[in-house]
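**Student:** Residue-level listing of the chains:
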Amino acid sequence: MFQKFQTDMKRYWKYAVYSAKAQLKSEVANSYLNWLWWVLEPFCYMLIYAFIFGEVFNGKEPYFPIFIFIGNTIWVFFQKTMVQSVRLVKQNKPIVSKVYLPKYVLLMTKTMVNGFKMGVCILIIVGMLIFYQVPLTWNVLYAIPLLFILFLIVFGIGCYLLHYGVFIEDLSNVVNIVLRLLLYMTGIFWDIMKRLPAPYNDYICKGNPIAFLISSMRNCVIYGQAPHHKLMLAWFCVGLLICIMGIRKIYKNENSYVKVI
Amino acid sequence: MEDKYAIEVKDLVISYRNLKKTSIKQSLLNFKRHKQDNFVAVKGISFSVKEGEILGIIGKNGSGKSTTLNSLASIFSPDSGTIDLKGHSISLLSIGVGFQKEMTGRENIILSGMLLGFSEEQVRAKEEEIIEFAELGKFIDMPVRTYSSGMYSKLAFSITAILETDIILIDEVLSVGDQKFKKKSYKKMKSLISNKDRTVVIVSHNISTLMELCDTVMWMHDGEIKKIGEPKAILDEYVEFMEKN
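These protein sequences, in sequence, are chains C and E.
Residue numbering for the first sequence follows the working numbering, starting at 1 and increasing by one per position.
Residue numbering for the second sequence follows the working numbering, starting at 1 and increasing by one per position.
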């Protein structure tokens, strides 16, 4: 399987990259404000959340706008990719039914598209860090491995959703509900550790990968604290494992997808 | 040298079973495995095609012709048996590679080419030729969703026809676009087929086309090979058989 993956990557990696670029281009080609939306959209959300949760619900975390923005950036990347991967094969029916390509390449393309948008948000975060004059430490470099783990986990879960999305018609409904639940258990707008009662906050913060990644990201970028090393390693391993298993699942079943859609 | 095969198929079985879409409610209500309707479309066929050979496949509707073709293009996986393409590149002509509707024709040319196994540079080198052949003019830089169905199929044909793969699969000899383009595409297809190095598999109901183009004809009936061999003899027998039944 690893060998097949390697040869497929050689052949389809460039396709995935080109396809992602073309998708990004076509997304903005017909809109009025063009690529400005990639900046405007997350920025407006941040303003809304900062107002609601900062002013109305009295959020007291230091550098609250950045706090929210980091959470939202990571969450949106995760949520969008999850929702899209369920319908990915069906959406690409014209391609899938006429030529062979490893189906996870479709997911790679989507991950790249959403990853690029996340990249824009990260640039905004950098701007905000400068604007608010947040004191940085070397711990900020942990952001890189944290992002890498995020990609692994998102891609791994995406593989499974892509697979089951082909066979189960109403999976997207379930995914939406689960995502909503996760949203509140992830702490985009508040600090889970402070707002939830004692043992549970810790469970969630460690057991929910997205919550763990978001809180670690905030800690290392805004508050200069290193993340929990062992947990980071554990989630890295889990991410890698589900990626491998997910790709294997797709390889095993992908040629029957066409018979279903 | 003589017996260099381009395609070798052994005991190919393809069935459609247990692959119905399901919803969560359905699977909760039906704990018992309901009877699986197992439809075997292709029942253990074996054949091989030499390099440069033109194979025609004939048979009545539902005899497994298109399923065989799709599995050659590795869109369907065999349930058992093997298909060996000896490393040749392969494409389904006429219907082309699917398009991404939001992207422009030009981008779709590149993407389709890459899916057929060409590099971006190779496709770019042929890009102009494809655009010219497809007669799309300025529409090539518009999103594909704005195309008419004729334009869509013209572009699809042009891509697969100009980017030549080693093995070409043709499902029903095509008739694409208006009268003029039909003629042009038929001519192009004939020149593609008659190239000595190219291996071609054609599925068709048109007796005269098969007679004219093919070196060998395979007659499929109910997922099995009924006869394979010289076009003339087999096609005559097929016509007789169809008239009787």
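Simulated from the structure, these hints should not be mistaken for laboratory data.
Be aware that a few hints might be false.
With a straight-line Cα cutoff of 35 Å, these simulated DSBU-like cross-link-like pairs (lysine-lysine) come out [said to hold, decoys possible]:
id : chain 1 : residue 1 : chain 2 : residue 2
1  : E       : K50       : E       : K138
2  : E       : K184      : C       : K14
3  : E       : K226      : E       : K101
4  : C       : K194      : C       : K4
5  : C       : K10       : E       : K232
6  : C       : K252      : E       : K182
7  : E       : K126      : C       : K90
8  : E       : K50       : C       : K25
9  : E       : K244      : E       : K4
10 : E       : K184      : C       : K21
11 : E       : K182      : E       : K60
12 : C       : K25       : E       : K4
13 : E       : K4        : C       : K90
14 : C       : K25       : E       : K184
15 : E       : K227      : C       : K259
16 : E       : K43       : C       : K252
17 : E       : K232      : E       : K190
18 : C       : K21       : E       : K126
19 : E       : K180      : E       : K10
20 : E       : K86       : C       : K21
21 : E       : K190      : C       : K249
22 : E       : K43       : C       : K4
Model, not experiment: these values are computed from the prediction.
**Student:** Tell me the numbers of any earlier hints that the structure contravenes, in ascending order.
**Tutor:** 1, 3, 4, 5, 6, 8, 9, 12, 13, 19, 21
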